[in-house]
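Protein sequence lines, in the order shown, are assigned to chains A and B. For the first sequence, the working numbering gives the first residue as -7, with consecutive numbering after it. For the second sequence, the working numbering gives the first residue as 232, with consecutive numbering after it.
Hints in this document: simulated from the structure, not taken from any laboratory. Please note that a few of the clues may not be correct.
[What the hints assert, rightly or not] DSSO-like cross-link-like pairs, simulated, lysine-lysine; straight-line CA separation at most 30 Å:
#: 1; chain 1: A; residue 1: Lys109; chain 2: B; residue 2: Lys314
#: 2; chain 1: A; residue 1: Lys102; chain 2: B; residue 2: Lys426
#: 3; chain 1: B; residue 1: Lys419; chain 2: A; residue 2: Lys102
#: 4; chain 1: B; residue 1: Lys316; chain 2: B; residue 2: Lys475
#: 5; chain 1: B; residue 1: Lys396; chain 2: A; residue 2: Lys109
[Claimed, not checked] Per the computed footprint, the stretches of chain B lying under chain A, defined by three or more beta-carbons under 8 Å from a beta-carbon of chain A, are:
#: 6; segment: 240 to 247
#: 7; segment: 331 to 344
[As the list claims (entries may be wrong)] The following label-pair restraints were derived from C-beta to C-beta distances:
#: 8; chain 1: A; residue 1: Glu2; chain 2: B; residue 2: Glu354; range: 30 to 38 Å
#: 9; chain 1: A; residue 1: Gln27; chain 2: B; residue 2: Arg480; range: 29 to 37 Å
#: 10; chain 1: B; residue 1: Leu309; chain 2: A; residue 2: Leu54; range: 14 to 22 Å
In this text, a Cβ means the ideal position worked out from N, Cα and C, and glycines have one as well.
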Amino acid sequence: MKQLLIPMLEGTLVSIKIFFFTLLFALPLGLVVAQAKQSRFWIVRKIINIYIMIMRGTPLILQLIFVYFAPYYIFKTSFDRLNAAIIAYVINYAAYFAEIYRGGIQSIDKGQYEAGKVLGFTKAHTFFHVIFPQVIKEIIPAMGNEVITLVKDTALAQTIGVAEVFRVAKTASAREFSTMPLFIAGVFYFIMNAVVSKIFDRIEKKLGYYD
Amino acid sequence: MDNKYVIEVNNLRKSYGDHLVLKDISFHVSQGEVLSIIGSSGSGKSTLLRAINQLETIEGGEVIICGDTLCNNDNLVLTNEQKRKIQLHNGLVFQDFNLFPHMSILRNITEALIYVLKKDKEEANEIALNLLDKMGLKDRALSYPSQLSGGQKQRVSIARALALKPNVLWFDEPTSALDPELTGEILKVIKDLAKEKMTMVVVTHEMAFAKEISDRVIFMDDGIIAEKGTAEEVFDNPQNPRTKQFLQRF
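Sequences are here, hints too, so could you generate the full structure?
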């Protein structure tokens, strides 16, 4: 049992690591992408559109493989497996987050920008103190969905050999002729997502102080 | 201020695509006076107010606000910082309030005091509470905009504009978004401000009110100033047939 649990615990940590680093980088990057999509330079908008189309239009599993193997063929060097996985998740999720942010930003009344302007706020102040806090409230449900999907998507990192919890479980399952490890992995995802849901519920409640 | 006018506008032009919404507008506002801008929907009166408050681009003409030139015909280019400085001569009260829903009433008023005028928090709170007191809303300081009635929201938005001590306070149809029974409370606030000799420009549909508080009135029609004069002149003895026609409806 100990032989099973320790590797699974390690695998769990790897999954959690992918999850956290993806959020850490993809959340701000998504905001940058959302803003760039509304850039006044058409070339920037064009590039962003193509990027979002590719990220949403091709399987994440393929993007993982690409990020891991492409640098090898081009530069004869590649990222460490875990880093490659995190990079792939970040650029993929940033595209989805960007679309969510964009929806949120567009839902804000233009009068809010105008009020900021006539009060002498800088554009940055208006964005970060007036617009963005309202955007967050607006997008929390959609973000919750996406983050739950991310928890489950971390299992795809096994494609490029990252020893996350699902891969560890599969290996253990084959070695011991038992489905128990897979079941334990399932429980991990379930608990992880229960925690994520709970956190999002909390945030939603906390932001419910105004309509 | 050596300039005798607080607001001076000469030959202002503005169009949306091919449609000229402001054609050659010239007017001025003196210190301490109340000017009303009346006219039917689409006459350009709101656009005029928005252009001078930098919410619309201006195509041509000259706008001087408290001696600072916002635009002239010599391709004047201002930095964002200069534009913001000029904007602070003006205060603007919107038709639909545009309060910040995620901030308390107090915070709605103090935000600009703290971040724009760099006042410390205590001083900002004091200024805000005094204004709220004046508006009869001191007890709502910690409420959020959604908990207030339309009239209360509009009073907060007036307090928010006044907090920055503007030289001119602009109103963009301040009662249009309110239920009829709530317009009175806003009109009273504006009347009180007039008594204090606050310089104000009011775009309004409330003719009786405009007549009562205005020193001068501008009637706009299809992008031009069709008639201007004292309140008595415009309301009691209009010269332009379009003005007569418009006023007959009230």
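Consistency of the hints with the structure:
For a cut-off of 30 Å, the pair hint linking Lys109 of chain A to Lys314 of chain B stands: about 10 Å separates their Cα positions. In summary, the hint linking Lys102 of chain A to Lys426 of chain B is not supported, as the alpha carbons are separated by about 33 Å, beyond the 30 Å threshold. Taking the CA atoms of Lys419 of chain B and Lys102 of chain A, the gap is about 29 Å. The hint holds against a cut of 30 Å. Our distance criterion of 30 Å between C-alpha atoms is broken by Lys316 of chain B and Lys475 of chain B, whose separation comes to about 40 Å.
Proximity of Lys396 of chain B to Lys109 of chain A is assessed by CA-CA distance (about 16 Å); at most 30 Å being required, the pair is judged to hold. Here the segment 240 to 247 of chain B counts 0 residues with a CB under 8 Å from a CB of chain A, which misses the bar of 3, and the coverage is violated. Coverage of the segment 331 to 344 of chain B by chain A holds. Counting CB-CB distances below 8 Å, 5 residues qualify, and the rule asks for three or more. For Glu2 of chain A and Glu354 of chain B, the Cβ-Cβ distance of about 56 Å falls outside the hinted range of 30 to 38 Å, so the restraint is violated.
About 47 Å separates the C-beta atoms of Gln27 of chain A and Arg480 of chain B, a value inconsistent with the hinted range of 29 to 37 Å. A hinted range of 14 to 22 Å for the beta carbons of Leu309 of chain B and Leu54 of chain A is inconsistent with their spacing of about 51 Å.
Hint check: violations occur at hints 2, 4, 6, 8, 9, 10; the rest are consistent with the structure.
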